[in-house]
Structures are given as structure tokens and as C-alpha cells.
Amino acid sequence: MPEGSGLSRRDFIKLAALGTGALSFLPGCAPSRSREWIFLSDTDAALLGVVADRIIPPDSWPGGKENGAVRFIDTQLAGPYRRFRSDYRSGLDAMTAACSGKYGRKFESLAPQEQDSFLRAMESGALREGGWTGVSSGKFFAMLRDHVMQAYYGSPRHGGNPGYASYKMLGIDYPPLIGQNRYRL
Amino acid sequence: MWARSGHRDFPCKECHGTALGGGVHSLKEKSMMLVHHFTESSPGRITLDERQVLEMMDNCRRCHGTEYARWISGGHSATYGAIFLNGKHNAAEQLNADCLRCHGMFYGGTIDSLVTPVSRKGPWSLRDAGRSGEPAIPCLACHRIHTEGSPASAAGYDDPGGIFYSRRPAETAAAFYDRYEKMYIRASALPPLRLREGTREVKVSDDPRGRICFQCHAPGAFHQAGSADDRTPRGVHEGLSCLACHDGHSNDAGESCINCHPAISNCGLDVTTMHTTFAEKGSPHNIHFVRCIDCHTKGIPPRRGARASGPDARERD
Amino acid sequence: MKNRHVNALVVGAGAGGGVIASVLSNAGLSVVLFERGGWVSFDDHDNDELLSQRTTVLGNAFGPDDERYRRVVINEDGSTEIVYPSDGAYNNVAACVGSGTVSYGAMAWRFMAEDFTMKTTYGRVEGSTLDDWPITYADLEHCYERAEWEIGVAGDSSLNPFAAPRKKQYPMPPFAYNKEATLLESAMKRLGLHPFPIPMLRNSVPYSGRPACIRRRTCCGFACPINAKCGTHNTVIPAALSTGNCELRTNCIVSALTIDGSGKITGVEYFNGENGKEEQTADIIVIAASATETPRLLLNSTSKHFPSGVGNRFDWVGRNLQGHAYTGAFGLFEEDIFDDVGPGATLAISDFSHHNPGITGGGILANEFTRLPYLFSNIRPPRARLWGEEHKEFQRKYFRRNIQVVGPVQEMPFFDSRVQVDPAVRDSWGIPVVRLSGHRHGRDAEGCEFLSGKAEMILKEAGAFRTWRHVPGGGLSGGQHQAGTCRMGNDPRSSVTDRFGRVHDTPNVFIADASLHVTNGGFNPALTIMALGYWVGEHIASEWERGNRFS
Chain A
1 MPEGSGLSRR
11 DFIKLAALGT
21 GALSFLPGCA
31 PSRSREWIFL
41 SDTDAALLGV
51 VADRIIPPDS
61 WPGGKENGAV
71 RFIDTQLAGP
81 YRRFRSDYRS
91 GLDAMTAACS
101 GKYGRKFESL
111 APQEQDSFLR
121 AMESGALREG
131 GWTGVSSGKF
141 FAMLRDHVMQ
151 AYYGSPRHGG
161 NPGYASYKML
171 GIDYPPLIGQ
181 NRYRL
Chain B
1 MWARSGHRDF
11 PCKECHGTAL
21 GGGVHSLKEK
31 SMMLVHHFTE
41 SSPGRITLDE
51 RQVLEMMDNC
61 RRCHGTEYAR
71 WISGGHSATY
81 GAIFLNGKHN
91 AAEQLNADCL
101 RCHGMFYGGT
111 IDSLVTPVSR
121 KGPWSLRDAG
131 RSGEPAIPCL
141 ACHRIHTEGS
151 PASAAGYDDP
161 GGIFYSRRPA
171 ETAAAFYDRY
181 EKMYIRASAL
191 PPLRLREGTR
201 EVKVSDDPRG
211 RICFQCHAPG
221 AFHQAGSADD
231 RTPRGVHEGL
241 SCLACHDGHS
251 NDAGESCINC
261 HPAISNCGLD
271 VTTMHTTFAE
281 KGSPHNIHFV
291 RCIDCHTKGI
301 PPRRGARASG
311 PDARERD
Chain C
1 MKNRHVNALV
11 VGAGAGGGVI
21 ASVLSNAGLS
31 VVLFERGGWV
41 SFDDHDNDEL
51 LSQRTTVLGN
61 AFGPDDERYR
71 RVVINEDGST
81 EIVYPSDGAY
91 NNVAACVGSG
101 TVSYGAMAWR
111 FMAEDFTMKT
121 TYGRVEGSTL
131 DDWPITYADL
141 EHCYERAEWE
151 IGVAGDSSLN
161 PFAAPRKKQY
171 PMPPFAYNKE
181 ATLLESAMKR
191 LGLHPFPIPM
201 LRNSVPYSGR
211 PACIRRRTCC
221 GFACPINAKC
231 GTHNTVIPAA
241 LSTGNCELRT
251 NCIVSALTID
261 GSGKITGVEY
271 FNGENGKEEQ
281 TADIIVIAAS
291 ATETPRLLLN
301 STSKHFPSGV
311 GNRFDWVGRN
321 LQGHAYTGAF
331 GLFEEDIFDD
341 VGPGATLAIS
351 DFSHHNPGIT
361 GGGILANEFT
371 RLPYLFSNIR
381 PPRARLWGEE
391 HKEFQRKYFR
401 RNIQVVGPVQ
411 EMPFFDSRVQ
421 VDPAVRDSWG
431 IPVVRLSGHR
441 HGRDAEGCEF
451 LSGKAEMILK
461 EAGAFRTWRH
471 VPGGGLSGGQ
481 HQAGTCRMGN
491 DPRSSVTDRF
501 GRVHDTPNVF
511 IADASLHVTN
521 GGFNPALTIM
531 ALGYWVGEHI
541 ASEWERGNRF
551 S
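Chains as they are written, first to last, in the numbering used here: chain A, 1 to 185; chain B, 1 to 317; chain C, 1 to 551.
No lab work stands behind these hints, which were simulated from the structure alone. Each hint should be verified, as a subset may be incorrect.
As the list claims (entries may be wrong) - Here are the simulated lysine-lysine pairs, DSSO-like style, with alpha carbons at most 27 Å apart:
hint: 1; chain 1: C; residue 1: Lys397; chain 2: B; residue 2: Lys203
hint: 2; chain 1: A; residue 1: Lys168; chain 2: C; residue 2: Lys189
hint: 3; chain 1: A; residue 1: Lys168; chain 2: C; residue 2: Lys264
hint: 4; chain 1: A; residue 1: Lys168; chain 2: B; residue 2: Lys203
hint: 5; chain 1: B; residue 1: Lys203; chain 2: C; residue 2: Lys179
As the list claims (entries may be wrong) - From chain A, some residues computed to sit far from chain B (all C-beta separations above 10 Å):
hint: 6; residue: Ser41
hint: 7; residue: Asp87
hint: 8; residue: Ser90
hint: 9; residue: Ala97
hint: 10; residue: Gly104
hint: 11; residue: Leu110
hint: 12; residue: Arg120
hint: 13; residue: Ser124
hint: 14; residue: Glu129
hint: 15; residue: Gln180
Using N, Cα and C, we set each Cβ at its ideal position, and we do this for glycine too.
Construct the entire structure; sequences and hints are all you get.
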């Protein structure tokens with residue numbers, strides 16, 4: 001890979017496309033789009049933050065939300081996880097519907113124990129409410145759980161785990177302290 | 001972060017450039033922001049490329065001239081040419097990707113795109129000969145700009161008695177730039193060094209600035225004292241911070257003995273003339289590791305004024 | 001576009017293909033070496049766990065990519081599914097110069113003599129195509145030695161009483177144990193076992209102009225930042241290129257063999273880096289594209305002479321897909337075990353490789369490579385919670401206090417575990433993709449039961465206060481140790497190639513990868529694939545020397 005100061009071919013194509021076509025979209029740059037998130041809506045993000053904090057609850061170390069789970073998911077849904085967009089869309093909608101069907105309230109306003117038992121029902125696939133036509137509740141929960149773990153324990157470059165906070169929690173040096181050898185003193 | 005930093009009075013474009021006034025990287029970066037906005041893809045982080053990092057050093061020296069001058073005089077201002085075209089080193093050890101972790105942390109390419117050939121048989125040359133004179137460890141290797149703190153300001157004379165106490169140690173700008181994550185890690189957030197000599201834990205100074213030193217001057221994976229690039233003080237100097245002797249910018253340790261060993265010292269010796277590597281390159285007594293026993297080969301004399309057989313004497317070594 | 005005719009072309013620059021390109025070009029043959037990926041560098045993905053070859057959740061650091069590649073898997077319930085390289089079910093092997101040898105853990109095992117004579121040693125196994133190899137350990141011994149010296153292995157076989165006999169020691173001394181291994185070593189000795197340092201394709205001292213390993217935690221699954229890991233990309237492939245006889249063509253996708261009107265295989269057609277279609281002719285065609293892609297290429301090469309694909313007259317191409325039934329146990333400890341000395345795996349025993357009651361063949365047991373935080377978040381005892389407070393607490397408490405002892409159980413080849421080409425699904429070049437189907441032989445579960453029991457026993461002896469075993473399910477096997485799909489044999493009706501890797505019914509098509517394995521040993525297969533590269537390459541070179549032009 002050459003020193004990357006120039007434009008890659010892919011970037012160039014994107015830029016060229018922008019120059020010719022994208023300006024016409026400017027009026028369509030809708031106010032409904034979140035200022036903070038790329039794919040998620042602010043409502044989605046709020047729900048995911050609460051879920052992330054049940055999957056990895058905050059204690060003396062950050063919870064899933066504080067450690068960047070929503071940022072990670074949003075970033076990846078605009079990247080390699082683009083293929084999970086429809087699962088997220090239908091999964092989040094089904095969660096919201098199931099929660100209001102079962103408790104008559106939003107997930108965020110349930111007590112932590114209720115949230116956990118709701119998530120456990122999702123995990124086991126026993127949740128009846130919500131429809132779950134696009135993605136099964138068990139599959140969606142497993143996906144959320146994996147993605148929150150990836151955010152929490154993966155590299156900060158993907159949007160989660162700022163400053164390798166989880167490595168500090170586990171007592172792993174980052175960056176590792178390893179010299180190479182070289183000159184005897 | 002920037003809004004709370006000591007550099008908040010500088011506009012963003014001073015360092016990041018504008019779309020048209022910051023080189024190709026800056027044009028690409030600002031244009032791609034638009035692309036990502038329209039395509040709902042991830043924009044990634046705003047970073048400086050190496051060209052901007054090097055150009056920015058002119059900004060640094062506008063205010064920090066003394067530090068800049070010291071840095072120029074020391075080993076850390078080594079250039080790409082000095083490091084990567086060193087035939088003696090390159091013949092002994094093959095160049096590799098990890099070199100860039102400490103020498104060339106802002107370099108945007110790979111070792112192969114920097115030096116050729118990547119082998120122990122030279123002759124070596126930089127693919128871009130123009131880079132030869134550029135520094136491989138610039139200011140931003142150990143300093144970050146977006147750090148909390150206030151610009152230096154005149155003392156407040158309203159409360160003359162409180163002037164000293166108002167000087168709180170601000171969060172320093174000392175941080176290590178991690179080439180792989182493209183992020184800074186604040187010195188105090190870097191891992192402390194755990195070092196062993198055999199099975200004994202070596203006492204290592206908890207000066208956070210030293211953690212930046214350990215990132216590159218590190219022991220081997222087993223963390224044995226003296227292995228690999230470790231120079232952590234042991235022996236009589238165990239527990240001292242690197243910066244107790246070395247100037248942070250020039251790394252010069254000359255004249256630093258006097259910081260702790262006054263000319264008229266407690267022991268009546270001029271430590272700067274002792275037979276150590278401080279005075280003589282060929283001395284077997286490395287100043288980093290020298291022990292009492294290295295000089296007092298027949299036994300360590302009791303401390304002046306102390307009883308020779310007192311409990312105090314037995315406790316020491 | 002017409003390419004200059006060459007003496008030999010090699011498809012795949014991995015463990016086998018890299019070696020054979022070197023042997024042939026050093027023998028003076030003109031060679032073109034095809035690789036579907038490109039050169040990779042540590043800097044491309046450095047320490048990123050989420051793209052490492054062990055946890056490819058955000059993609060494969062070393063390819064292939066999810067955009068252009070796909071496969072079809074037939075599940076045990078008969079349902080079909082399209083899978084992508086970052087899915088485990090794809091059974092991916094890296095797509096880059098050096099392939100898996102760039103990012104492997106680099107264990108450098110020789111198979112034992114019994115691994116080549118499984119049927120003779122253990123008898124017929126009902127429902128399995130278990131058989132002897134047409135070559136013996138003695139035939140391959142000098143090839144192992146060449147691999148060890150030309151690519152570079154650190155170890156000390158004198159500490160392993162079960163090791164197959166050798167003429168020459170390893171070129172480099174073994175690696176020092178980390179804390180985990182030190183603890184296990186004494187426990188194993190107390191149990192009367194025979195622990196020894198794992199032989200590694202990794203420099204323990206400077207070797208071949210490259211530096212000694214600095215023992216980072218990010219080794220297995222990653223490229224080496226200092227080039228201390230020995231793969232074909234930094235040894236035999238550069239050696240091949242330096243002869244001036246070998247041309248490496250990267251980012252080229254070979255789609256089919258070209259067959260002339262008389263049924264002679266004349267070369268290959270391929271897509272170049274710009275997706276343009278080209279042809280390359282050669283006297284000799286060597287396929288070393290992995291145990292999934294090699295059969296795919298043969299099956300995609302049809303003509304009136306080869307209606308069901310080259311080499312497939314008796315329907316053996318793609319059959320007997322096997323990998324390793326990886327099994328072992330975890331143990332939790334009261335004290336810190338993790339000392340961050342990479343790559344983790346340093347010690348093994350070969351006591352359970354052969355001749356143990358209750359197991360056909362067997363496997364080595366070793367301490368496992370460093371389990372990085374995300375990977376570890378999926379390691380929990382049975383019935384433990386996979387999220388919530390308990391999960392976080394477990395992660396925090398036991399990341400530094402666990403040991404995994406694990407080994408590859410030799411699988412019983414199963415005829416209906418197979419690679420086919422899918423009639424409908426194509427990759428982005430329009431080439432029919434691999435279709436995988438089948439499952440493990442029932443006997444493998446018995447082997448896993450046996451070996452995981454031993455692993456648990458060792459962990460208990462080492463002081464683990466809690467242990468649990470893990471055994472793989474009975475589903476399709478393959479993975480990075482995939483093998484067996486074009487087995488060598490003396491009888492053309494029950495094998496695909498002869499004992500030198502030459503495809504039956506063709507004079508000039510050879511295979512030089514793990515597809516040749518009749519059985520896959522109870523060991524990581526990389527060194528054996530390299531040795532087979534030498535075996536096939538030396539045969540071709542000596543025949544060429546004698547004037548044989550394979551026509």
C-alpha cells in the first residue's frame with residue numbers, strides 16, 4: 001500500500017459522483033435525520049443505550065452504553081454491518097411493539113428487573129408479543145448481545161471502547177509494553 | 001475537548017487546514033464528510049496526516065521555542081534518513097512494520113513504501129528521498145493538543161499569598177500517539193511498567209511521564225529488567241523517574257547529577273567523576289543499573305555516623 | 001490477451017503453492033504463481049481483534065471479502081443457506097500471498113508414522129473411508145526436514161518421546177514457556193505425561209535474515225509486525241521470485257482449467273486484477289488452492305472428456321472433506337495465570353496421539369493461544385449467563401485466571417462430507433461457488449470425549465477449582481485445517497491423484513495442498529502441507545530433469 005496521501009480510486013469515484021449528482025439531493029437533506037447518528041434515529045439510539053446497559057451493566061467500570069455500544073453499532077451499520085440494517089429496523093420496531101403490548105410502556109421506562117426478564121424472553125425466543133416478522137426475537141437478541149460485546153471489548157477504532165477502557169478493566173496493558181532487543185547497554 | 005484545551009484560542013484551521021488550504025488530505029477529508037453525509041456511511045475520525053503534523057511543528061515553535069531548540073539538540077529529533085538509512089543497524093536487523101511504532105508513528109504508509117529494500121542487504125534508500133531530512137519523532141509523538149488545561153497566564157495579584165497555591169498541576173499535554181489506533185493515550189492512562197529482576201519486583205517510578213518513555217524503551221515480553229530496550233533505573237537509582245535525570249525534550253542528562261547529589265554531598269564524593277557510564281562510555285558500571293557493590297567490591301562501608309553493626313547497616317544490602 | 005507460455009503454473013500462493021513454486025523455479029522451470037489476494041502487511045489491520053482470523057466478525061483481515069465471495073451451505077436439516085467469508089460456516093482460508101501462513105499460530109507438527117497408515121493401524125472403521133496414504137512417513141521425512149530448515153522451525157523434539165524419528169534437529173532452539181505452560185508442565189509431569197515445547201514456524205533466534213519473535217499477544221490470527229513468523233510469504237515465495245524464473249500474479253481469480261479438443265489440459269483461464277479475462281498456458285498445472293477451492297476448480301473445469309469435472313471420473317473430487325474435531329477443556333484458577341507472554345500456546349503433549357484405548361488415532365493437547373477479550377466474552381461454563389452483571393464479573397475475574405487445554409482430534413473421513421459446486425449461486429466473477437454439505441463421522445465424538453477428559457484431568461491437576469469440557473458438534477467439519485477432498489491413492493477408482501499428487505487421467509495436472517491428505521493427522525496440518533509441496537515439487541523437478549514433459 002503506497003503512502004496514503006492521495007485519493008484512493010474508490011474515494012475518487014465517490015467524490016466524482018457527489019460532484020455530478022449529489023448536490024441535487026441537498027433540499028432533501030431532511031431535518032428528520034439524527035444529527036448524532038448515521039443510521040439510527042435518536043429513538044433507536046436511546047433504546048439501544050438502555051439495552052446495552054443491561055447486557056453490560058455499569059458498575060465501577062463503564063456500562064455498555066458509556067463504553068460506546070451505540071456508537072459502535074451505528075458506525076458498523078454504516079459499514080460492514082450494512083447487511084444487518086433490516087434486522088435492526090424490524091427488530092427494534094418489534095421490541096418497541098412487544099414492550100408496549102406486554103407492559104404498556106417503553107422499554108426505557110421499565111425497572112431493570114423487568115428489562116432483564118423482557119430480554120431473557122427475547123433471548124429464549126419465548127416472547128410472544130411484537131410480531132417479529134423480519135427477524136426472530138432470539139436471533140435479534142443474540143445479534144445485539146454480540147454487537148455490544150464487540151463494542152465493549154474490541155478496538156476503539158470501530159466506535160466503542162474509547163481508550164481501551166475494557167482492557168483497563170481486565171488488567172491488560174494497552175499499548176503492550178514489549179521492546180525488541182537491539183543494542184546491549 | 002478542544003474547547004476546554006489550553007490551545008482553545010487557536011482556530012481549528014490553524015492545524016487542520018481548510019478544504020482548500022490544507023493539502024490533499026485536507027481536501028479529501030472535508031469532501032468525504034459531504035460524501036458520507038449523503039451516503040449514510042461512516043465518516044471515520046478527523047485526523048491530521050503526517051504532512052500536517054510536520055507543518056504544524058512551525059505552530060508549536062512559535063510559542064514553545066525553547067522546547068523546540070532542546071528537542072533539536074537531542075536524540076528524538078532524529079530524521080527518517082538518520083534512522084532508516086543507518087547501514088550498521090539495517091545490516092544487523094531487518095527493517096519491519098513495528099519500527100514505525102516508535103520511529104515514524106505518523107507515517108501514512110508501510111515500511112515497504114518508506115524504505116527499499118526491506119532486507120539486511122543494502123544499499124538502502126528512501127522511496128521518497130525528500131523525506132530524508134524530516135523528523136521521525138515530531139512534537140505530536142509525545143504531546144497532544146486537545147488536552148484540558150488553561151493557557152499560561154499571569155499570576156493573579158489580588159491575593160499575593162495565594163499565587164503559589166493557584167498553580168494547580170494542570171492535566172499535562174503529555175500523551176503517547178498510538179500509530180495503530182491513531183489515537184493519543186494520556187500519559188497517566190498508559191500502562192505502568194511492571195518489571196522483575198529474576199522473581200523480584202523492581203520498584204518503578206510512578207511518574208506518569210515516564211510511561212511514555214516505557215512505550216518504546218521497553219523490556220522484552222517477560223518484563224525482565226535489562227532485557228530488550230529496558231533502561232529502567234535499578235541499583236542505587238532504583239525507583240527514579242527517567243525525567244529525574246533526563247530532560248524531556250533534549251533527553252540530555254548532563255549536569256543532572258547535581259539535582260540530587262550536591263557538590264558538597266553527604267558522602268563527600270564528587271559523584272560526577274565516579275567510574276560509571278556517566279563519566280566514561282566504557283565503564284562497566286552503567287549509570288542506570290549501578291549498585292553499591294559495583295564500586296565497593298569489598299563490602300559496603302557503613303553510613304558515616306552510623307554504627308557499623310547497627311540494625312540500620314544490616315538492613316541495607 | 002495472450003500470455004507467454006510457461007513450464008508450470010501454480011494456483012494458490014499458500015503453504016503448498018508457495019513451496020512448489022520455489023522448488024520448480026529453483027529447478028529452472030519457468031513458473032507463474034497465481035494468488036487470488038494480494039500482499040498483505042501488518043499495518044493493514046495490525047492488532048484489531050474484530051478482524052483477526054480467529055474472530056472475523058467485521059471481516060477477514062487477510063481476505064477474502066464479503067462483497068465478492070460467497071458459498072452455499074446445506075444444513076443438516078436439508079435447508080440451504082448462502083454464507084459469506086466472515087461467517088464461520090464459510091470455512092474460510094485466507095486470500096493473500098502466503099495465505100494462512102501469514103496469520104497462523106504457526107505450530108510446526110510432523111505427522112507420526114501411524115498417521116499415514118491409519119487403516120493398517122486401527123482397521124476398518126464402519127461408515128468411514130479411512131485408509132492408508134500411498135506414501136509413508138519415511139517417504140516424506142526429508143520433505144519435512146526441508147520445510148523445517150527452509151521455512152524455519154524452533155523446537156526440541158528430543159523432549160517428545162512419541163515424535164516420529166528424524167535425521168536432523170530443528171534449526172532453532174525452542175521457545176521459553178509462559179506462566180500458563182510452566183504450571184501445566186509440572187502438572188503433566190506429575191501425571192506421568194511428557195510435555196515439551198511446541199515446535200513453531202517462528203524465529204526463536206534471528207534466522208534467515210529476519211529477527212527473533214518478541215512474543216506479542218496478537219500473534220495467532222494476525223500478521224507479525226516484525227516478520228518473525230515464518231510463512232511462505234517471507235521465505236520460499238521471495239526465494240522463488242529471486243530466481244528470476246517465477247512470476248507472481250496477485251489478485252487473479254482462476255476460474256477453470258482450459259482443455260483442448262483432445263482432452264489435454266493446456267492451462268487456466270482467470271480474471272486479472274481489473275476483472276479482465278485472460279488465459280495462461282503451461283506444460284504443468286499445479287493446483288494448491290485449499291481443500292475447498294481446489295475441488296471447486298476441478299469441478300468447474302468440464303469438457304466432453306471430463307463431463308463431471310477434471311479428475312472426477314469416479315466421483316471422488318470434493319469427497320471426504322475433513323478438518324479437526326477441536327476439543328479440550330477450560331479451567332478457572334484462584335491466582336493470576338495470564339502473563340501476557342504471547343502467543344500463548346507454548347507447550348504440548350503427544351501422549352494421546354496414538355495407541356490409546358477408546359480412540360482411533362487421537363491428537364496432541366496444547367495450551368491454547370491467547371484468548372483476547374472479545375473471544376473470551378464467548379467462553380463461559382455450561383449454563384452460565386452470557387450477558388448482564390454475572391457475565392461482566394466473570395470477564396473481569398477470570399480473564400487473567402483461566403487456562404484452556406485443547407487439541408485437534410483426528411477425524412474419520414466421511415464420504416458424504418463434501419465440496420460440490422452450486423448449480424445456481426455464483427460469485428462476483430460469475431463462477432459457480434462452493435457448496436458444502438455433510439457431517440462428521442460418529443467416531444469423532446468418541447475421540448473428543450476421550451481427549452477432552454484428559455484435558456480436564458490435566459487442568460484439575462494444575463490446580464483449577466472449576467473445569468468444563470468443550471466438544472464440537474457433529475456437523476460439517478473443515479475450517480482452516482480443511483483437508484482430504486482430492487485424496488492421493490494407488491487405485492484411481494478410490495482416489496483423485498497418484499502418490500505424487502498427479503491427477504489420475506491427466507498427465508500434467510498436479511495437486512499440492514491439504515486436499516491430498518488421505519487422513520488429517522491429530523496435528524495442525526501446515527508443516528505437512530509444506531512437506532507435500534516439496535514432495536510433489538521434487539517429483540516434478542526430477543522428472544523434468546530426466547526429460548519428461550508430462551504430455
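Worksheet item: Any hints this thing doesn't respect? Which numbers, in order?
Response: 2, 3, 15
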